[in-house]
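Throughout the sequence shown, residue numbering follows our numbering, covering -6 to 461 in sequence.
Worth flagging that the hints you see were computed from the coordinates, not collected in a lab. The C-beta atom is built at its ideal place from N, Cα and C for all residues, glycine as well. Hints are supplied without guarantee of correctness; some may be wrong.
[Claimed, not checked] Each computed PhoX-like pair below joins lysine-lysine, with the alpha-carbon atoms no more than 20 angstroms apart:
#1 LYS189 / LYS243
#2 LYS44 / LYS427
#3 LYS37 / LYS273
#4 LYS427 / LYS328
[What the hints assert, rightly or not] Okay, the calculated beta carbon distance ranges per label pair:
#5 GLY38 / ASP258: 34 to 44 angstroms
#6 LEU234 / THR405: 51 to 61 angstroms
#7 THR78 / ASN303: 55 to 65 angstroms
#8 ILE306 / LYS273: 33 to 43 angstroms
#9 ILE306 / ASN250: 49 to 59 angstroms
#10 SER434 / HIS41: 21 to 31 angstroms
#11 LYS399 / GLU452: 50 to 60 angstroms
#12 THR405 / GLU453: 46 to 56 angstroms
#13 GLN359 / PRO415: 24 to 34 angstroms
#14 ILE71 / GLU452: 27 to 37 angstroms
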Amino acid sequence: MNMNDKNTISVMNSEKGYQSIDDQNMTERLAAHVANYGNIQLDKGLVHQVKRTCLDYVCAAITGANTEVSRLVYEYLIESEGRGTTNIIGYQSGLLKGNAAFLNGTSAHCLDMDDGHTGGSVHPGTVVFPVVFAIAQHVKPTFDELAKAIVIGYDVCLRISSAIHPSSRQRGFHNTPVAGIFGAVAAASVLYGLKKEEVQNAFGIAGSFAGGIFAFLGTGSEVKRIHPGQAARDGISAVELTRKGLSGPKDVLEGENGLFQAFADGKVSVERMFKDIGEKYEIMNIYFKPYPCCRHLHSSIDAVYELKMNAQIQPLDIAEIRIGVNKIAYLHRHKNCQTLLDAQMSLPYAIASAIYHPVLEVNHFQPEQTKETISRLAQLVEVYVDEEADQHYPAQRAARLEIKLKNSKTLTCYVENPLGEPSKPLSDEKLEMKFIANCSSIIGEERAKSIVQSIKNLEEYMETLYSI
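Start from the sequences, fold in the hints, and give me the full structure.
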């Protein structure tokens, strides 16, 4: 990139690689997209997906609210800023609007059950829904307005994250807070009815809040859990500061010192950012998790279960395990897991645990489960970069598994995409089962089933969501 010419940026063309071209005032284009939310046609497919994402988010938030991290964040917010009138999932006392979004976003990310997007390596639901739930309690939107805020919030988050990934990850950044804050701004802008210039300004302010790094990986640190909540809270702040009159840069994405340069070294895909914008919505391209751990682990887990369907695999019979993945997934190769997050982010641990357990649940990743037999098996796992898997990433999230037995027999399996992707979707029934299985022990099975029905009929039961 020519740093002396702020009208150029290095962008990726699908055929020619990275090249320098005139900027297209990308911030303004995206702001116009948000301001034109009224043009969204809420067809049956889009409404259905909004309800599916809502159900999955509430599931993640209810279960996450029952964790130590969520509780300590709640206590901190009460002690530092006091109570408020905005309800929070899983708690009796309300918080201030931004803090409610912060806590709900944190809770929903605490157990790694939240939805995501492979192309952008981001978790949109844990940012967008906390914003929508917090603001909606005060502005009382119609169902159409609520749904459009969700659709636009996802769309902006996923388009920006897809544009900067994998460059941003290679620089150590976590796209959920980096791109998520712009999705938060977009959702809040719809609910507040901001005009294009106001959205553009709010984006400018959000750029100064954007951040979040992967220093936590393999350290046992739980700070990752607050990343979505941070983005949700700061997105609301950016919009409300705009409404108060604070100015932000108009070219925060493409500018010389903008987001693309700072977080992705100027290497972005304009094609991925604007393809079919206003015609197709990225919320249709998200995945839902069948396992409560990092998405980079899921293809490997699927490969284990596929092999187990066709062969009897006894842990004591295993001599060696090799797993080939893309370069980003390769970063999750740590074996010594001391905390829940360590285990949820570890390829060797996930593979070993899947070999031992017919179904992976949150408790299988808890610290007391990370010792002895599973940890010993995890030591046998060699993680390497598979050229084919890496070549197709992020279009695919492939894994090549080889299990060599002590009798010299080798079992192999190649999985292109994990269960839960649009190409291998979780059915409505599976999502409902996920909700009831994970939430019943916390709120009771009857209440869990009642919430499922309320979300399936969200047009009539919006208010019930604010008091779960």
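Status of the hints after comparison with the structure:
As the CA atoms of LYS189 and LYS243 are separated by approximately 11 angstroms, the hinted pair is consistent with the 20 angstroms bound. For the suggested pair LYS44 and LYS427, the alpha carbons sit about 15 angstroms apart, so the restraint of at most 20 angstroms is met. Among the hinted pairs, LYS37 with LYS273 is consistent with the structure: their alpha-carbon atoms are about 14 angstroms apart, no more than 20 angstroms. Restraint check: the Cα-Cα separation between LYS427 and LYS328 comes to about 28 angstroms, which exceeds 20 angstroms; the hinted pair is violated.
The given range of 34 to 44 angstroms is respected by GLY38 and ASP258, whose C-beta atoms sit roughly 37 angstroms from each other. Between LEU234 and THR405 the Cβ separation comes to about 55 angstroms, which falls inside the hinted range of 51 to 61 angstroms. Taking 55 to 65 angstroms as the suggested C-beta distance range, the pair THR78 and ASN303 conforms, at roughly 56 angstroms. One distance hint, 33 to 43 angstroms for the beta-carbon pair ILE306 and LYS273, holds here, with the actual separation near 42 angstroms.
The hinted range of 49 to 59 angstroms is satisfied by ILE306 and ASN250, whose Cβ atoms lie roughly 53 angstroms apart. Checked against the hint of 21 to 31 angstroms, the pair SER434 and HIS41 passes, with Cβ atoms roughly 28 angstroms apart. Between LYS399 and GLU452 the beta carbons are some 59 angstroms apart, a value that agrees with the proposed interval 50 to 60 angstroms. Remark: the range hint 46 to 56 angstroms for THR405 to GLU453 is upheld by a beta-carbon distance near 51 angstroms.
Distance hint check for GLN359 and PRO415: the Cβ-Cβ separation is about 31 angstroms, which falls inside the suggested range of 24 to 34 angstroms. Between ILE71 and GLU452 the beta carbon distance is about 34 angstroms. The supplied range of 27 to 37 angstroms therefore holds.
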